[in-house]
Structure formats: structure tokens, C-alpha cells
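Asks: Here is what each chain is made of, one letter per residue.
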Amino acid sequence: MKRWVLLAAFLVVAGSLLLGAARMRPFGAPRLDLMDRYFNALSQGEAATNNVVTAIVFDYRGYDTLGEATVLFTAVVGVALILRRLKG
Amino acid sequence: MSVVVRTIARILVPVALLFGGYVILHGHLTPGGGFQGGAVAASAVALLLVAFGTSAVKGLKSPFAVLEDLGGVAFVVLGFLGIGYTFFFNVLAGSGGLFGAPVAPGPNPGFLNTGGTLPLMNWAVGFKVIGGLGAVVVLFALFGGGDDR
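Protein sequence lines correspond, in order, to chains A and B. Sequence positions in the first sequence follow this note's numbering and run 1 to 88. Sequence positions in the second sequence follow this note's numbering and run 1 to 149.
The set of hints was computed from the structure by calculation and includes no laboratory data. Just so you know, even glycine gets a beta-carbon here, dropped at the ideal spot from N, CA and C. Treat each hint with caution, since some may be false.
To give a feel for the contact side, a few chain B residues facing chain A, derived at Cβ under 10 Å [to be verified]: (1) 25; (2) 33; (3) 52; (4) 54; (5) 66; (6) 69; (7) 72; (8) 86; (9) 102; (10) 116; (11) 118; (12) 119; (13) 133; (14) 140.
Computed list of lysine to any residue pairs in SDA-like fashion (alpha-carbon distance at most 25 Å, straight line) [to be verified]: (15) B:58 x B:113; (16) B:58 x A:74; (17) B:61 x A:74; (18) B:61 x A:15; (19) B:61 x A:36; (20) B:58 x A:20; (21) B:58 x B:14.
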């Protein structure tokens, strides 16, 4: 019974992977480059920055950077909590 | 550590701090930014620890903690500057004031006085990363017992 379940799961995963590989786009040809062209055309005007990566990280996806800063803060707090000196 | 390591560290610590500051300051023009420059500057703290032992970095724990708190608060405040439009809206871009110079479209070498709130956010995140990673290094050093090796 367990063997047949595993075989079915294997067939489903392998089939979906093979299907995805068969329908893959040719290498180096992005199908959806709408956002790429948007950022290349407008980020210099909207964010007033030559560095498009910085414009995305700090302007368009500022929430993401706020989460990264929170992750760093949490890591520091965790280190301080684990390595604190116990009294007595 | 030996005299050789101490001498090299005396030369390299200012260089690492300067390069970290450069990466943060030019974050809106060149590759890099607050996170990367802060990590570079925090590596100077690790170099201090390796070369001069725990006693050299012992007093830096509270300043680093304050630095990280100030950086985080400044980052959130800069995000709230654009709350009239959306959170993290770039209100200073193209406004003509500090960091508000307009950018010519197309490929150009860039100008430091551009970017709106992005350079200020780079500095906030940079101070946050310097404080955070430096505090982690100092905490690890203090946990080791404080013997100068």
C-alpha cells in the first residue's frame, strides 16, 4: 500500500516536472518582460536614481526592505538573548 | 595577536571603514547600498577584535545598540514621510532640495545629489547594519570569556 502511494506521488511529481520541461521557453527569451521595461524606462524619472536595483529595493519594494531590517533586528536580539550573562 | 597583525590592522581598519562609508554613500549610483556597506564597515570591528582582543571592542556594545536603534527608527520615519501618497513613497525625488536633483534619462554617470529619500534610507540601513553586526561580533567576543588571544 505504502509502496503504491509513493509510486503515485513519484509519477505525479515526475510527470509535472517533465511537462514543465517540455513547455519551457527558449533560453534567454523572457516571456513577461513588462516589469523589466517599466523599470528601465521610468525608474530614473520616478525614483530619480540611476541605480535601478536601489530604486526597487528602497522605493518600489520598501516593505520588503523593512522586513529585511526586521529580520536583522530579530537576529541581533536572538544573539543578545542567547549569549547574555546569567546572574548567579 | 602578533605585531605584524596589529600593524596591518591599524592600517586596514580605517580603510575598511572608509570603503564601507563609500559604498553606503554611493548606494544610489553604484552597486551596493546600506546592507553591503554596513557589512563592510562591520568587518572592521571583527578585524579589531581579531587583532587587539576583546578589550578593544568591549566598550562598543552600547554605542552599537544605540546605532542600530537609531538606524531602524530613521528608516521607518523616512518610510512614513511619503504617507500622503503611499508608505515608502519617494517624496524627495526631483523636489530640488536635498538629494532632489532630477536625473537625466538614459545612460549617464550619475550625480550624487539625486535619489530623493533613497540615500537617506541607505544611511539609515547602513547604520543599522553596522550597529547590528558590530553588536553581534562584540557579544560573541564577550561570551568567549574576555581573554586576549
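Asks: Going through the numbered hints above, which ones does this structure break? Give me the numbers in ascending order.
Replies: 1, 3, 4, 5, 15, 18, 19 and 20
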